[in-house]
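Undergrad: Read off the chains here:
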Amino acid sequence: MSDIFSFRGAPGTGWSQPSPILEESEVRKSIPNGASRKALPGWPRASEPEIVRHYTWLSNRNFGIDTGFYPLGSCTMKHNPRLNEKIVQLPGIDRIHPLQPESHLQGLLSIFFEMQEMLAECSGMDSVTLQPVAGAQGEFTAIRCIQEYHRSNGEGHRDKVIVPDSAHGTNPASASMCGYEIVEIPSAEGGRLDLGALSAAVGDDTAAMMITNPSTLGLFEVEITEAARIVHEAGGQMYYDGANFNAIIGKTDPGRMGFDAVHYNLHKTFSQPHGGGGPGSGPIGVREHLSRFLPTPVAARKSKGAEDPEGVGDGFWYFWEDVGESSIGKVQQWHGNAGAVVRAWAFYRRYGRELEMMSEHAVLNSNYLRHIIMNPDKETAEGIHCMPAEGADTDLVMHEFTLSMAPLKELNGVTGKDVAKRLLDYGYMSPTVYFPQIVPECLMIEPTETESKEVLDQFASDLHSVLSEDPETVTSAPHTTPVKRVDEVWAARNLVLRHPGDSFPGR
Amino acid sequence: MSDIFSFRGAPGTGWSQPSPILEESEVRKSIPNGASRKALPGWPRASEPEIVRHYTWLSNRNFGIDTGFYPLGSCTMKHNPRLNEKIVQLPGIDRIHPLQPESHLQGLLSIFFEMQEMLAECSGMDSVTLQPVAGAQGEFTAIRCIQEYHRSNGEGHRDKVIVPDSAHGTNPASASMCGYEIVEIPSAEGGRLDLGALSAAVGDDTAAMMITNPSTLGLFEVEITEAARIVHEAGGQMYYDGANFNAIIGKTDPGRMGFDAVHYNLHKTFSQPHGGGGPGSGPIGVREHLSRFLPTPVAARKSKGAEDPEGVGDGFWYFWEDVGESSIGKVQQWHGNAGAVVRAWAFYRRYGRELEMMSEHAVLNSNYLRHIIMNPDKETAEGIHCMPAEGADTDLVMHEFTLSMAPLKELNGVTGKDVAKRLLDYGYMSPTVYFPQIVPECLMIEPTETESKEVLDQFASDLHSVLSEDPETVTSAPHTTPVKRVDEVWAARNLVLRHPGDSFPGR
Amino acid sequence: MVDQLPNAGREKEMLEAMGMSSMDDLFSNIPDGIRRVGPLPLPDPQSEEEIWADAQRILGANVSLDDRPSFLSAGLSRNFVPSVVGMLATRGEFLTSYTPYQPEVSQGMLQAMWEFQTMICELVGLPISNVSMYDASTAAAEAITCAVRVNNRKALQKDVVYISSLVPPHRMSVIRNYTIGAGIEIRTIEHDDSGNLLLPSAESAAGSCAVYVEQPNSLGIVDIGLAELKSLIGDATSLIVGIDAVSLGVLEPPGKWGADMVVGEGQPFGIGPTFGGPIYGIFACTEKYLRQMPGRIVGQSWDTDGNLAFTLTLSTREQHIRRHRATSNICSNETLIALMGAIHMSLLGPEGLERLALRVAAATEATKRSISVIDSVDLVNPGASHFREFAIRVPGNASDALLHLDSNGVLGGLDLGIWWEGMSDCILVGADERTSEDDIAALRDGLRSWTKEVSG
Amino acid sequence: MVDQLPNAGREKEMLEAMGMSSMDDLFSNIPDGIRRVGPLPLPDPQSEEEIWADAQRILGANVSLDDRPSFLSAGLSRNFVPSVVGMLATRGEFLTSYTPYQPEVSQGMLQAMWEFQTMICELVGLPISNVSMYDASTAAAEAITCAVRVNNRKALQKDVVYISSLVPPHRMSVIRNYTIGAGIEIRTIEHDDSGNLLLPSAESAAGSCAVYVEQPNSLGIVDIGLAELKSLIGDATSLIVGIDAVSLGVLEPPGKWGADMVVGEGQPFGIGPTFGGPIYGIFACTEKYLRQMPGRIVGQSWDTDGNLAFTLTLSTREQHIRRHRATSNICSNETLIALMGAIHMSLLGPEGLERLALRVAAATEATKRSISVIDSVDLVNPGASHFREFAIRVPGNASDALLHLDSNGVLGGLDLGIWWEGMSDCILVGADERTSEDDIAALRDGLRSWTKEVSG
Ligand SMILES: Cc1ncc(COP(=O)(O)O)c(C=O)c1O
Ligand SMILES: Cc1ncc(COP(=O)(O)O)c(C=O)c1O
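If you're matching them up, the sequences are chains A, B, C and D in order. Numbering of the first sequence is given in this note's numbering, commencing with residue 1 and proceeding in unit increments. Numbering of the second sequence is given in this note's numbering, commencing with residue 1 and proceeding in unit increments. Numbering of the third sequence is given in this note's numbering, commencing with residue 1 and proceeding in unit increments. Numbering of the fourth sequence is given in this note's numbering, commencing with residue 1 and proceeding in unit increments.
By construction, these hints were calculated from the structure, which means they are not laboratory data. Computed from a prediction, not measured in an experiment: that's the story for all the values here. Using N, Cα and C, we set each Cβ at its ideal position, and we do this for glycine too. Check before you lean on any hint, since a few could be wrong.
[Said to hold, decoys possible] Going by beta-carbon spacing under 10 angstroms, a handful of chain A positions derived as facing chain B:
#1 Arg37
#2 Ala46
#3 Ser47
#4 Asn60
#5 Gly64
#6 Asp66
#7 Val455
#8 Ser465
[Unchecked claim] Each computed DSS-like pair below joins lysine-lysine, with the alpha-carbon atoms no more than 30 angstroms apart:
#9 C/Lys158 to A/Lys38
#10 B/Lys29 to D/Lys12
#11 C/Lys12 to B/Lys38
#12 A/Lys160 to C/Lys230
With these hints in hand, go ahead and build the complete structure from the sequences.
TA: Right under this line is the structure:
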């Protein structure tokens with residue numbers, strides 16, 4: 001166990017810095033009496049070699065896509081091209097301040113502009129802002145725009161947002177943060193959108209409906225245009241949770257489906273690395289009628305005038321356009337997660353017009369994996385205690401699918417979570433468990449387009465093995481991981497949320 | 001097991017390249033009939049995600065300094081500052097061709113010049129070349145210079161090079177490649193240089209003596225000046241193997257000791273990462289009388305004239321100076337391992353005049369580690385089967401030291417190699433084993449200055465544990481490594497030196 | 001792009017295994033009426049080397065802060081990030097992992113974040129920290145909503161919070177967006193001519209849900225009066241303090257003078273200004289707020305073998321469990337950047353932090369001295385102590401002065417007219433640890449030549 | 001520099017544990033007469049940020065090949081290295097490891113090098129490869145000494161080897177240094193006007209120890225006649241062929257037309273020109289040379305549990321065992337760069353290699369066509385086929401022409417007068433995969449304007 005707080009180099013070991021440009025005693029004088037720090041923080045005192053070894057050690061106790069298959073449904077854990085990491089180290093992004101004059105920012109503004117246009121095109125929206133820094137913030141931002149839209153129409157009384165019960169938790173949470181009441185509508189048999197329930201839910205108080213398509217069950221909601229009609233007729237707005245965008249690019253888009261606003265998860269569809277939980281980037285796109293409410297500013301361009309200094313060489317001059325008085329203002333203090341935008345730009349450039357192929361392969365891999373899991377050869381099938389149930393009754397899924405371990409649990413008590421933990425022993429990250437909640441003992445599996453057939457074949461075969469194993473082995477899993485099953489209840493009861501400073505805590 | 005040759009993507013999967021600037025059919029015409037390749041090489045067909053996962057997996061089966069303590073004696077496995085890796089990615093080194101005009105190379109030439117000067121200063125030599133790319137090539141180069149020197153003096157008959165029996169294998173190998181006969185002189189009692197043996201060995205046929213000081217036993221050869229006198233009197237030249245330079249910088253130097261030529265291992269003393277076996281860099285320094293034989297060219301400078309274009313801003317114009325007619329010419333086809341030189345430059349800049357402190361800490365750590373290994377507390381001592389013998393009878397060692405496991409072997413059959421393998425289980429790289437050969441069951445330990453006291457304490461304590469363990473546990477070690485003890489004899493008998501192409505070989 | 005698709009060229013084989021014959025079969029569920037026909041109107045795919053060339057060219061059209069003397073700070077730091085930070089944080093095991101829902105294979109990130117929480121607590125002087133917010137502004141905004149959730153029931157001034165009038169407008173805008181839904185009313189507290197908070201007017205905040213102030217404030221002013229704020233507003237009203245993280249190397253942490261919550265920009269530790277994102281927000285608080293706070297938290301625990309282990313905890317506050325009753329909607333956060341921050345902080349160590357803060361303080365002082373001697377250039381708050389930033393008033397439009405400096409290759413600071421209409425003759429000058437004597441001379445000379453131009 | 005020394009500040013504690021009181025005690029073994037007194041006359045230590053700033057400034061004073069159209073190749077390639085190569089190879093476990101003497105904890109590097117050996121064998125058409133030489137020149141030199149060791153006993157022309165007269169002088173010089181000790185006599189084989197080897201004169205090499213030729217040769221000429229060489233010199237004389245590694249994407253590998261050993265520069269796969277080093281030499285051979293070859297070799301084996309495993313093998317050839325009877329003195333080699341090469345090769349795959357070679361061939365052909373139409377500029381070997389390089393004769397000094405091009409921002413190639421006195425009016429023009437139409441136009445226009453200047 002490497003404990004960074006046990007590194008006790010001499011004072012100043014790691015700091016290697018030039019001296020202040022004034023004498024220390026003079027500097028001290030510039031700090032008001034009484035405001036001076038009395039005791040320095042209890043940070044570790046470590047040299048570079050110790051730091052490198054500590055974080056290398058930690059990294060070896062962490063699982064990423066680079067380590068193995070990461071079928072975490074809804075999270076689109078695709079390969080992160082390394083070029084993109086190299087690009088964001090260029091001083092032209094790393095060493096740029098958002099408040100520099102536009103003449104210093106032509107390159108970045110042009111990338112922002114290109115991304116706004118591309119995202120609008122792919123989603124069938126009219127305007128795009130790149131400011132929100134995560135999907136959830138995109139939802140929040142779009143719902144705020146919708147809120148201001150209703151208010152500007154004198155419809156401020158609309159105080160409800162409808163979400164299906166299969167929706168991601170951020171949907172209701174974001175709407176609720178805008179002050180909306182949430183109306184959750186149950187899914188129909190088979191996990192699909194229930195138009196009857198929707199019709200019953202809409203009304204004069206409907207501000208918006210939030211939904212993702214394909215749904216979190218990996219189903220394409222074929223009645224989506226009808227749903228849009230119902231909501232629009234009631235005076236509500238349609239919000240598209242774009243977390244599942246990876247399934248449909250070039251095949252259809254939320255504009256065609258009848259949506260008014262959408263967020264994109266650049267970290268999913270366009271592969272900004274997820275980095276242990278973030279950063280993300282959650283641009284939103286809206287139809288014309290919502291444009292004037294977007295956060296400000298957005299990137300714009302005009303033909304380059306003779307007086308403008310050098311641009312990027314494409315004949316345009318790029319600038320920040322103020323969205324105007326109706327804008328909701330700011331949701332992040334600068335222009336969003338520019339680093340993620342630049343990575344996503346580099347990712348998109350690799351596919352260009354063939355982004356469609358990316359979605360094709362995502363859906364191909366998902367259907368293929370589902371097929372080989374659910375159709376083992378006879379011999380394998382005979383060894384399995386009990387096959388999972390499908391999360392949804394369908395022939396086709398989109399980029400992800402769900403399996404229910406309920407039959408297994410019934411048979412021998414092995415739960416979805418047990419299977420998930422056991423898969424860790426086989427060198428996989430586990431699928432998403434227990435979401436969507438409407439599928440009992442759910443495993444939600446999203447292979448993404450960047451996994452090879454060999455990996456999918458192996459995963460199916462290993463899952464079959466798990467399903468054939470002694471239940472005791474599965475329920476006590478994992479066995480080969482850096483630590484065994486972790487006591488989450490102890491953590492929540494005892495709340496040891498920081499290092500005690502001397503040595504690691506004892507029980 | 002990840003097998004890259006099992007990746008079988010479609011033709012062209014990984015190649016992502018722009019098209020040729022001429023039509024393929026036209027290009028094909030430019031290739032002479034009959035010279036065209038008939039079948040492409042059987043390389044893997046892998047996508048970027050597969051490559052990343054494969055090499056990540058491989059790296060996790062490899063042990064580096066970043067993984068843990070690496071006390072590999074004679075190899076100076078010190079921490080490699082990461083800044084240096086960042087610097088060599090700058091286009092000003094990565095994208096530079098050695099045949100560009102000098103006006104394109106002012107930055108690199110100035111770094112080469114600075115390094116030549118610094119190395120000369122630290123070693124007490126007059127001229128330095130950075131061309132040799134490894135220590136062994138440095139030895140070879142210097143011996144070639146000495147050879148030409150003798151020839152130019154009409155002393156071409158000198159055909160013997162003297163090396164102590166504790167010398168590194170490259171010393172005799174390098175001299176032998178120059179056509180010299182090797183005279184190996186035995187060490188005196190205690191592993192020190194035997195002046196009597198040396199006196200007996202020198203003669204009219206002595207071309208040179210090669211020796212390292214401190215010796216491979218970590219001993220400072222106190223009679224070194226006397227040795228130099230003996231060799232010089234016989235008309236021979238003194239060659240200093242600088243692999244152990246880490247021990248003495250700022251404290252003494254080969255010039256003071258009486259040497260005529262020296263090589264440096266930049267990858268040891270100046271921390272160019274060793275990268276699984278290389279690259280290295282082996283500059284040599286020589287006294288005045290040998291300068292004109294050095295490989296050509298070397299970096300030089302003059303005050304900047306008005307006509308010279310911009311330089312690096314220090315008022316000098318840097319250029320390549322031809323060493324002249326007596327030069328031995330080239331040993332590497334360009335200017336050596338420039339990348340290693342630049343890393344070493346960045347390393348040296350961190351210490352500047354305080355390089356001395358680096359050597360102090362290297363020697364401090366070595367003596368401290370030896371002390372705590374050899375002086376366990378009473379309780380620990382009682383548990384140990386048998387303490388190692390010291391490799392040399394001395395109070396002080398320099399940057400490294402040797403231990404003999406001979407007593408243990410005698411007692412219970414546990415060999416030095418067994419102890420080394422068992423240390424792997426404790427998370428260490430093993431010390432150098434069975435070198436120098438004059439110490440029976442030798443473990444040669446070099447902690448370097450970049451290990452903390454905590455690491456040294458822990459290592460000593462773990463070594464004590466190994467010495468207390470059930471012999472069976474030790475002789476069957478390692479137990480927790482990615483693979484168990486590897487059958488080196490099978491490898492040498494069967495010589496499976498390449499992948500068979502289909503799947504991994506079976507026995 | 002095929003280099004990203006391991007199954008390119010093998011579609012048929014896979015389709016056939018499923019009894020399908022074309023990729024189109026996979027999308028047959030999408031009704032015709034909403035199918036896109038024909039390719040996307042986007043450019044051709046590019047290879048890695050073409051993209052790299054374009055990226056170098058296009059991003060090369062930006063002007064890097066490192067290319068010239070720069071005095072633009074305004075909440076983002078032109079910092080120096082040691083090279084190990086990026087090299088370690090981009091190790092694939094960190095870079096390509098997601099939220100550590102499976103602690104058994106995520107101990108690395110979990111432990112690193114637990115250490116991060118510890119270092120933030122030590123920095124700000126409070127017992128609890130989460131593993132990052134999006135940025136300083138959302139951290140401030142969510143601290144305010146959190147305070148309202150905790151205090152509103154007993155508050156005398158229900159749904160009311162007080163905010164310093166010197167909180168910059170972009171942050172105010174974020175705060176407005178985050179508080180509007182909860183119906184929170186924002187009142188402002190003013191400052192005196194030296195830029196110090198008007199304590200008597202702050203007294204009126206007693207009984208409200210929260211007070212949000214910044215130290216140093218947006219004009220760089222270190223206001224010692226703030227130390228009395230907590231005693232004025234009382235226990236029932238949260239004191240939320242926005243900080244400059246580096247300043248805590250020399251300034252007493254707010255946790256020691258009564259802050260209930262501390263928020264701020266983490267960026268100086270871990271990542272360059274990077275055009276404003278990804279950066280990360282610091283969020284720390286006392287125990288009282290623990291169950292209402294936003295964001296993820298790592299706790300220590302044990303595995304079934306009794307080994308020390310880490311896990312996410314208190315998830316019941318979060319949206320994926322509590323849905324619309326969650327304490328925040330935050331899901332993807334800024335963990336990777338927080339990891340970079342943790343590495344940077346551990347490299348600095350206590351004395352390294354102090355040195356860093358002293359360097360910024362020295363540069364601020366030296367710049368202030370040098371600029372304030374220019375005729376007709378005045379300090380806006382001459383009596384105040386400054387850290388990192390200070391405002392000057394120039395004889396004319398700040399924008400003209402900055403344009404003049406720009407043409408001399410100096411990035412002079414921020415035109416304060418952008419933030420506050422009444423300050424269009426003021427520049428916010430920011431110094432930092434990398435500010436050199438030469439930089440200062442360039443700024444001084446540029447300003448001087450401009451003042452001569454306008455006056456003569 | 002203290003950031004590199006974990007025990008800085010704790011010296012006393014450690015000294016005391018040993019019963020010492022000062023650092024000087026540690027060096028008391030060094031006799032006074034040779035002790036340096038006083039500090040080294042070197043500059044002050046610098047911090048990371050100062051070194052980084054200096055490095056950027058100093059290295060920024062160099063002119064990068066990517067900054068301008070460049071036609072300088074001459075044995076080093078202005079290649080494009082995919083970003084994963086560096087990122088993976090610099091993972092600490094690879095970067096900071098040494099020679100895998102302990103196979104149990106070095107399987108990663110061992111397997112990667114075994115795969116490298118396989119890819120090199122496949123590339124050149126021979127069954128055996130080592131894990132790298134220093135560079136192409138030492139690879140050629142050590143191949144020659146190896147051939148002499150193997151063949152000399154039965155050779156008719158003892159201690160004699162034949163080398164193409166077009167082997168460039170820097171490589172010849174390396175070969176001379178490496179062969180002089182063994183008393184090897186070097187004779188040259190000449191070329192005809194088209195640059196093709198004079199086969200009749202090559203016949204005289206039969207019975208010697210080895211023949212060393214290059215394909216394409218240093219003037220870029222692809223010489224189909226070489227395919228007959230092996231039958232002319234016979235089995236007892238080694239045919240050693242130096243290659244352009246990329247060319248083997250379109251050219252038949254020498255192993256298929258009789259080469260006993262293949263050597264060459266590995267640099268195009270894995271690393272930029274990097275001022276000429278570190279790069280790595282390719283060395284491959286037939287079984288006959290296995291026990292006399294230089295360098296490290298990885299073999300497959302098994303561990304005691306029967307798992308597949310890798311280990312260094314045939315170490316008995318090496319200096320650390322055989323000492324002065326070793327087959328070479330090579331110890332530290334270029335493994336890390338070979339690893340980069342392996343990653344690059346696996347990314348390319350067979351078709352990627354072919355595409356790369358076609359791109360170079362296309363650029364060579366296009367450049368040749370464009371240049372050869374310039375009045376008074378002639379191809380030196382008009383009848384020949386070229387890959388990557390070709391020589392032109394200009395109406396005046398090559399150095400003048402190159403200076404003119406340089407002042408027009410074009411790096412025009414190599415002044416062949418540097419290599420061969422008689423060719424001071426010749427330029428070696430190198431094209432590569434990154435050569436664009438615009439680059440070619442810039443070269444053509446620059447050359448044309450210069451020829452006009454000199455002729456007018
Ligand atoms: C379906 C769905 N919607 C919304 C989100 C929220 O996105 P973010 O994590 O970027 O805030 C997610 C991400 O987990 C998601 O899967
Ligand atoms: C004492 C000694 N001399 C010479 C050498 C040879 O140096 P290199 O490996 O750089 O060729 C070494 C390196 O292992 C060594 O330890």
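Undergrad: Run every hint past the structure and note whether it holds.
TA: Evaluation of the provided hints:
1. Arg37: violated, 27 angstroms
2. Ala46: Where the cut-off is 10 angstroms and the nearest Cβ of chain B is about 9 angstroms from A/Ala46, the hint holds.
3. Ser47: holds, 7 angstroms
4. Asn60: Result: holds, 7 angstroms to nearest chain B Cβ.
5. Gly64: holds, 8 angstroms
6. Asp66: holds, 4 angstroms
7. Val455: Since the shortest Cβ distance to chain B is 9 angstroms, the answer is holds.
8. Ser465: violated, 17 angstroms
9. C/Lys158 to A/Lys38: violated, 37 angstroms
10. B/Lys29 to D/Lys12: violated, 75 angstroms
11. C/Lys12 to B/Lys38: holds, 28 angstroms
12. A/Lys160 to C/Lys230: violated, 39 angstroms
When held up to the earlier numbered hints, the structure conflicts with 1, 8, 9, 10 and 12 and fits the remainder.
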